[in-house]
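Protein chains: 2
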Amino acid sequence: MSEPGSRTATPKRDTYTPESLLAVAVEVFIERGYDGTSMEHLSRAAGISKSSIYHHVRGKEELLRLAISRALDALFGILREPDAEHGRALDRLEYVTRRTAEVLMAELPYVTLLLRVRGNTDTERWAMARRREFDQQVAELLKQAAADGDLRNDVDARLATRLLFGMINSIAEWYRPHGGRAGHHEGEDVAEAVVKLAFAGLRTT
Amino acid sequence: MSEPGSRTATPKRDTYTPESLLAVAVEVFIERGYDGTSMEHLSRAAGISKSSIYHHVRGKEELLRLAISRALDALFGILREPDAEHGRALDRLEYVTRRTAEVLMAELPYVTLLLRVRGNTDTERWAMARRREFDQQVAELLKQAAADGDLRNDVDARLATRLLFGMINSIAEWYRPHGGRAGHHEGEDVAEAVVKLAFAGLRTT
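For the record, the sequence lines run as chains C and H. Read in the UniProt record's numbering, the first sequence has 147 at position 147, and its numbers run on one by one without any break. Read in the UniProt record's numbering, the second sequence has 142 at position 142, and its numbers run on one by one without any break.
Among the clues, some could well be false.
Because identical chains cannot be distinguished in the list, a pair is counted as satisfied if it fits within a single copy or across any two copies.
SDA-like mimics (lysine to any residue), calculated; alpha carbons at most 20 Å apart, straight line [stated by the list, open to error]: (1) Lys50 <-> Asn153; (2) Lys143 <-> Ala84; (3) Lys143 <-> Ala200; (4) Lys143 <-> Thr204; (5) Lys143 <-> Thr205; (6) Lys143 <-> His185; (7) Lys196 <-> Arg152; (8) Lys143 <-> Arg203; (9) Lys196 <-> Leu159; (10) Lys143 <-> Asp189; (11) Lys50 <-> Glu107; (12) Lys60 <-> Arg132; (13) Lys50 <-> Asp156.
For the record, the hints were derived by calculation from the structure and aren't laboratory data.
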């Protein structure tokens with residue numbers, strides 16, 4: 001539809017879909033915080049008018065809901081994968097731990113936004129409730145693995161779950177995909193390190 | 001100096017010291033973000049006039065510097081404690097891990113602020129540099145313990161340090177002192193759980 005070169009003009013021709021508009025909105029939400037983001041900020045970042053944005057979505061809360069849904073769908077999807085549903089609780093828990101780290105890195109901006117949500121709107125409160133639900137399902141797996149005798153029982157399951165997610169979620173603070181610079185860690189190495197550290201620990205003895 | 005009942009009046013009589021003013025300022029910085037906090041917000045939260053605040057400090061950046069210094073002094077203090085300086089690297093690392101978690105909980109608002117600093121002002125850039133310095137000193141201990149053969153060598157030391165601090169720092173997201181409600185974890189249990197999880201892992205087998 002757009003001729004070569006025409007994309008450098010401002011305002012940009014609106015070739016967005018709700019999904020591609022999302023990627024722009026999520027970056028702005030992360031940069032400015034959801035509360036601190038106005039439709040004007042979104043319009044400027046996308047290079048299209050506010051009315052063009054309203055053509056795609058009802059407003060910024062719908063963009064937040066779409067972004068958070070993408071993160072939650074990916075996370076809850078893990079729990080329906082065969083290796084998360086069948087087998088010994090310990091193996092399922094290790095699998096879910098690894099996949100949660102992988103999904104965080106694969107869907108980095110969306111999961112980052114989910115982790116930063118604090119609950120001032122209905123959408124944010126819904127996001128927090130769904131996130132707690134995910135954590136609780138993993139905590140249940142952890143309890144089952146402890147009941148099987150496969151996990152130490154001298155650490156409270158709720159506390160262990162919090163620390164496990166604390167470690168996984170902290171990856172969002174520093175991980176950047178395709179980071180070519182020195183000291184860059186590949187996603188699979190990071191997920192593997194999380195599983196080793198959380199389940200076997202750092203110590204050799 | 002103030003008579004009973006007089007403290008309910010607005011504006012409040014200025015009985016602050018730089019230190020007690022800090023406790024108020026830190027709460028506001030955490031609530032609104034440092035960038036989003038004005039002297040007007042601080043004045044309202046403290047219940048004293050802006051000129052009274054200027055009587056104690058030069059401005060909000062000095063309050064940030066004082067708050068961050070308190071967190072950093074406590075953290076760097078750990079590295080000078082006898083058990084952090086003497087003995088096998090593994091034991092020193094476990095000690096520093098436990099004490100870092102303890103200091104985070106004991107100085108919760110100050111360390112929370114340090115962890116949220118992003119680097120838009122000189123003070124913030126200094127804070128980030130000092131925080132990295134602390135992380136690097138712990139990473140050195142971790143490398144030494146791995147060289148001693150006491151830590152697994154199949155996880156990169158820098159990555160292991162990041163995950164270790166990720167787990168410790170995540171405590172700031174949910175830990176609240178004196179939390180009487182169900183499921184509250186005592187600080188010493190939390191620090192103990194961090195050490196167990198990080199060094200021995202969750203698995204029994």
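Now the hints, each set against the structure:
1. Lys50 <-> Asn153: neither (55 Å within a copy, 54 Å between copies)
2. Lys143 <-> Ala84: This pair counts as within: shortest intra-copy Cα distance 15 Å, inter-copy 34 Å.
3. Lys143 <-> Ala200: both (17 Å within a copy, 18 Å between copies)
4. Lys143 <-> Thr204: between (25 Å within a copy, 14 Å between copies)
5. Lys143 <-> Thr205: between (26 Å within a copy, 16 Å between copies)
6. Lys143 <-> His185: Close across copies (17 Å), not inside one copy (31 Å); limit 20 Å.
7. Lys196 <-> Arg152: Both: 15 Å inside a copy, 10 Å across copies.
8. Lys143 <-> Arg203: between (24 Å within a copy, 12 Å between copies)
9. Lys196 <-> Leu159: Both, since 19 Å and 12 Å are each at most 20 Å.
10. Lys143 <-> Asp189: between (27 Å within a copy, 18 Å between copies)
11. Lys50 <-> Glu107: neither (26 Å within a copy, 45 Å between copies)
12. Lys60 <-> Arg132: neither (23 Å within a copy, 36 Å between copies)
13. Lys50 <-> Asp156: Answer is neither; intra-copy 50 Å and inter-copy 47 Å both fail.
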